[in-house]
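Sequence order for the protein chains is A and B.
For what it's worth, our numbering labels the leading residue of the first sequence as 11, then goes sequentially.
For what it's worth, our numbering labels the leading residue of the second sequence as 13, then goes sequentially.
Keep in mind the hints are simulated off the structure, nothing from the lab.
Be careful, since some hints might not be right.
Beyond 10 Å from chain B on every Cβ pair, some chain A residues (computed) [claimed, not checked]:
1) G48
2) R77
3) T84
4) V119
5) F167
Away from chain B, derived, C-beta distances all over 10 Å, residues of chain A [said to hold, decoys possible]:
6) T28
7) Q40
8) T41
9) I47
10) V52
11) S53
12) L86
13) L95
14) I112
15) V122
16) S123
17) A126
18) F127
19) L161
20) S177
21) V178
To be clear about the criterion: a stretch of chain B counts as covered by chain A if any three or more of its residues have a C-beta under 8 Å from a C-beta of chain A, and this derived list gives those stretches [what the hints assert, rightly or not]:
22) 26-40
23) 49-56
24) 156-168
Beta carbons: idealized from backbone N, C-alpha and C, even for Gly.
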Amino acid sequence: MSLESAARALQSTAFSQTLQATPWVVPTLQTIHIVMIGVVFVSILMIALRVLGWVRTEQPFPHVWRRFAPFLWTGLAVMALTGLLLTLAEPVREVMALSFRIKMALLLVGIVSAMAFGRSVRAAARAEGAAAAERPFPLAVRVASVITVLLWLFIIFLGRAIAYDNSVWGSWSPAVLQRGAST
Amino acid sequence: MRTPPLFIHAIEHSAVGEWMRGNVLAMPFVEAAHVLCITLVFGTILVVDLRLLGLLDRGRPVTRVAREMLRVTWLAFAGAVLTGALYFSANATTYWFNTAFRYKMLAILAAGLNMAVFQLLTFRGVAAWDSALRTPRAARVAGLVSILLWVTVITLGRTIGFTKGYDFSVPAGVDFDFSGGGT
Chain A
11 MSLESAARAL QSTAFSQTLQ ATPWVVPTLQ TIHIVMIGVV FVSILMIALR
61 VLGWVRTEQP FPHVWRRFAP FLWTGLAVMA LTGLLLTLAE PVREVMALSF
111 RIKMALLLVG IVSAMAFGRS VRAAARAEGA AAAERPFPLA VRVASVITVL
161 LWLFIIFLGR AIAYDNSVWG SWSPAVLQRG AST
Chain B
13 MRTPPLFIHA IEHSAVGEWM RGNVLAMPFV EAAHVLCITL VFGTILVVDL
63 RLLGLLDRGR PVTRVAREML RVTWLAFAGA VLTGALYFSA NATTYWFNTA
113 FRYKMLAILA AGLNMAVFQL LTFRGVAAWD SALRTPRAAR VAGLVSILLW
163 VTVITLGRTI GFTKGYDFSV PAGVDFDFSG GGT
């Protein structure tokens, strides 16, 4: 079964039909999703800026991590849920967009690397105590934090680009235009 | 279709408006930048608001939290205004008559007013409660109102995309799964 026919099958399920038939569902889910981008991205940004030594330098790093990590994980969980529901509401639109496919792959990278980073922060804090937390981060970690911010920027861009898959990706886009020309 | 004021017509037919409509990549990039800016505004103000509410960062002076975050907030707000203006220029007439758009502008105005009142009245006496765990009632109200208004701004912004109808001549998206239209 091709991805497209799978998406079409999903779109014809009773659950998807119900979501599609309720006009406020998609905009409401999108709104929650966007509000959570604010929470998650700023949490990532603050952690990254602390790694770079630009903000909260008076606080030990594990402290900053503990301040923002709950927002990061809760926000991501809410985004996963709203994102899943949005995909169930419009499976063809999502699955048949190259932006969506790249976004899902990069999300996996982003989440796994954030988990690994959180784990190593906690391990370092345990092993070396408070003194280690005060030292500036090695160059590699600072570079990694910049790359992380750029990665999430790209993920946010891809989310909005799903609506414009043909314009953004041209002939690479697997998207099928569903209705007439307008935005 | 109703006739807009002359200046709206002029904006729509300005070189910028023509460029926005004529360039297939302009919309997705400007929209993504707009979403990014507005989530940064919300996310950074949220950090300040949560401190004003006395819920988080209680160990940090309010002035320090505010100074650190509001730099990013203003930068992002400027970006949101710029990208919003570009967006508006592409279809000025449609936005002008869109109810959700009008309410969104009002909500931004209200958020600005809330901030101004806080800055000019409550924040003047900040020295007395800068490091206090319990902030004055006026500060807590300002923080709560700020969160509610920015969520309203985001909600109305997303609503515009679903209520503006099919008047746009910019290239198509694939997400028209709902009666009013939508992007």
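| field | Those earlier numbered hints the structure runs against, lowest number first | value | As far as the earlier hints go, 1, 2, 5, 7, 8, 9, 10, 11, 20 and 21 are violated by this structure, in ascending order.
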